[in-house]
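K.L.:
Build the full structure now, drawing on both the sequences and the hints.
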Amino acid sequence: METIEVHQYRSLANGPRLLVLGAVHGNETCGPTAIRSVAAQFATGERRLARGVLTLVPVANPVAFKRGTREGDRNLNRDFRPSVCPENAEDRIANHLAPILRDHDALLDLHSFAAEGSPFVFMGPEDNEGDLEPFRRAREEFALARAVGPRRLVYGWLPAYARGVARRPGGSIAYGIGTTEYMRSQGGYAVTVECGQHADPQAPAVARQAIENTLALLGLCEEPSAALDVAAGAASAAASSAPSATSGPIELIEMCEVFDRHDASDSFVGTWRSFDRVVAGQPIARRAGGEPVKAPADGYVVFPNPNAVPGREWFYFARPGQRA
Numbered sequence: 027m028e029t030i031e032v033h034q035y036r037s038l039a040n041g042p043r044l045l046v047l048g049a050v051h052g053n054e055t056c057g058p059t060a061i062r063s064v065a066a067q068f069a070t071g072e073r074r075l076a077r078g079v080l081t082l083v084p085v086a087n088p089v090a091f092k093r094g095t096r097e098g099d100r101n102l103n104r105d106f107r108p109s110v111c112p113e114n115a116e117d118r119i120a121n122h123l124a125p126i127l128r129d130h131d132a133l134l135d136l137h138s139f140a141a142e143g144s145p146f147v148f149m150g151p152e153d154n155e156g157d158l159e160p161f162r163r164a165r166e167e168f169a170l171a172r173a174v175g176p177r178r179l180v181y182g183w184l185p186a187y188a189r190g191v192a193r194r195p196g197g198s199i200a201y202g203i204g205t206t207e208y209m210r211s212q213g214g215y216a217v218t219v220e221c222g223q224h225a226d227p228q229a230p231a232v233a234r235q236a237i238e239n240t241l242a243l244l245g246l247c248e249e250p251s252a253a254l255d256v257a258a259g260a261a262s263a264a265a266s267s268a269p270s271a272t273s274g275p276i277e278l279i280e281m282c283e284v285f286d287r288h289d290a291s292d293s294f295v296g297t298w299r300s301f302d303r304v305v306a307g308q309p310i311a312r313r314a315g316g317e318p319v320k321a322p323a324d325g326y327v328v329f330p331n332p333n334a335v336p337g338r339e340w341f342y343f344a345r346p347g348q349r350a
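Quick note on the numbering used here: the sequence shown kicks off at 27 and runs consecutively.
Worth flagging that the hints you see were computed from the coordinates, not collected in a lab. Mixed in with the good hints there might be a few duds.
Simulated crosslink set (SDA-like; lysine to any residue; CA at most 20 angstroms straight-line) [said to hold, decoys possible]:
no., residue 1, residue 2
1, K92, A225
2, K320, P346
3, K92, N114
4, K92, L75
5, K320, R189
6, K320, R303
7, K320, A334
P.N.:
Following this line, the structure appears as structure tokens:
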């Protein structure tokens with residue numbers, strides 16, 4: 027039976043409680059690499075906690091990680107919740123992780139992705155009292171999203187997903203709940219850092235810099251030694267080697283609509299990558315009957331999936347975002 031490795035450091039001085047997760051998906055290795063490098067510094071005494079609580083979980087999904095696959099039995103980052111009667115490996119994992127999430131103020135969830143592209147950050151909604159995702163810690167979450175490193179900040183995932191669910195027979199919004207959405211529902215705040223392509227040698231450095239930046243933002247660690255300064259500087263230099271990704275002005279993007287695949291013969295017009303820009307009326311795809319699917323406004327194609335199953339998400343449309 028697999029086990030979940032947890033490193034926790036508790037200062038005697040009060041402060042924020044931070045949780046860092048890696049490998050929610052088992053084939054995403056940048057998070058474990060970065061988290062274990064930080065844990066090693068605490069183990070040797072090179073680094074000490076100044077205040078608060080720091081919890082490091084290098085491999086959140088040990089079943090999938092051992093197999094080298096995205097999932098064990100199902101996607102851990104969907105329908106994330108405790109289960110009274112767990113039916114699969116991810117249900118059992120969620121039963122262990124959910125209490126850990128509830129015990130923290132902030133979550134940094136480190137991921138990578140399959141297609142080519144630059145690192146980006148997922149964050150949640152503005153403060154609101156709505157039914158879908160009520161929230162009161164947007165100011166703290168936005169500060170964290172801006173601090174972690176990548177300059178592309180994306181929000182609006184759950185509302186866009188919910189609009190898609192409303193069009194699907196028997197769809198459930200619960201399926202769209204992952205670690206960050208669950209964290210917000212329990213009174214915390216959270217960001218997901220997509221650190222780059224799975225095999226990108228820079229992805230672990232982006233993940234490591236996200237941890238360093240979060241620790242600095244929250245004031246959790248004592249001043250690092252000269253050796254740690256050198257290590258952090260090396261990570262920063264590697265993470266900054268793609269200027270459009272981790273340096274320069276913030277780029278806010280709001281996901282606003284999901285397009286489902288209706289038929290296996292539906293096809294894209296050309297090859298799209300996430301965050302490719304489109305102009306209003308530009309054809310993005312074509313239905314089996316020949317009807318074009320056009321961009322509703324100037325914006326971006328996000329998460330295009332040429333292998334999507336009919337009846338499920340095919341691609342998302344996003345537009346330039348705004349935040350107060």
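K.L.:
Each hint should be assessed against the structure and marked as holding or not.
P.N.:
Structure-based check of all given hints:
About 17 angstroms separates the Cα atoms of K92 and A225, which keeps this hinted pair within 20 angstroms; it holds. Of the supplied pair hints, the one linking K320 and P346 holds, its CA atoms being roughly 17 angstroms apart against a limit of 20 angstroms. Between K92 and N114, the direct Cα distance comes to roughly 16 angstroms. Compliance with the 20 angstroms bound is thereby established for this hinted pair. Of the supplied pair hints, the one linking K92 and L75 is violated, its CA atoms being roughly 31 angstroms apart against a limit of 20 angstroms.
With a C-alpha separation of about 18 angstroms, the suggested pair K320 and R189 falls inside the 20 angstroms cut-off, and the hint holds. The straight-line distance between the Cα atoms of K320 and R303 is roughly 13 angstroms, inside the 20 angstroms bound, and the hint therefore holds. With a C-alpha separation of about 18 angstroms, the suggested pairing of K320 with A334 holds against the 20 angstroms cut-off.
The structure fails to meet hint 4 from the earlier list, while all remaining hints are met.
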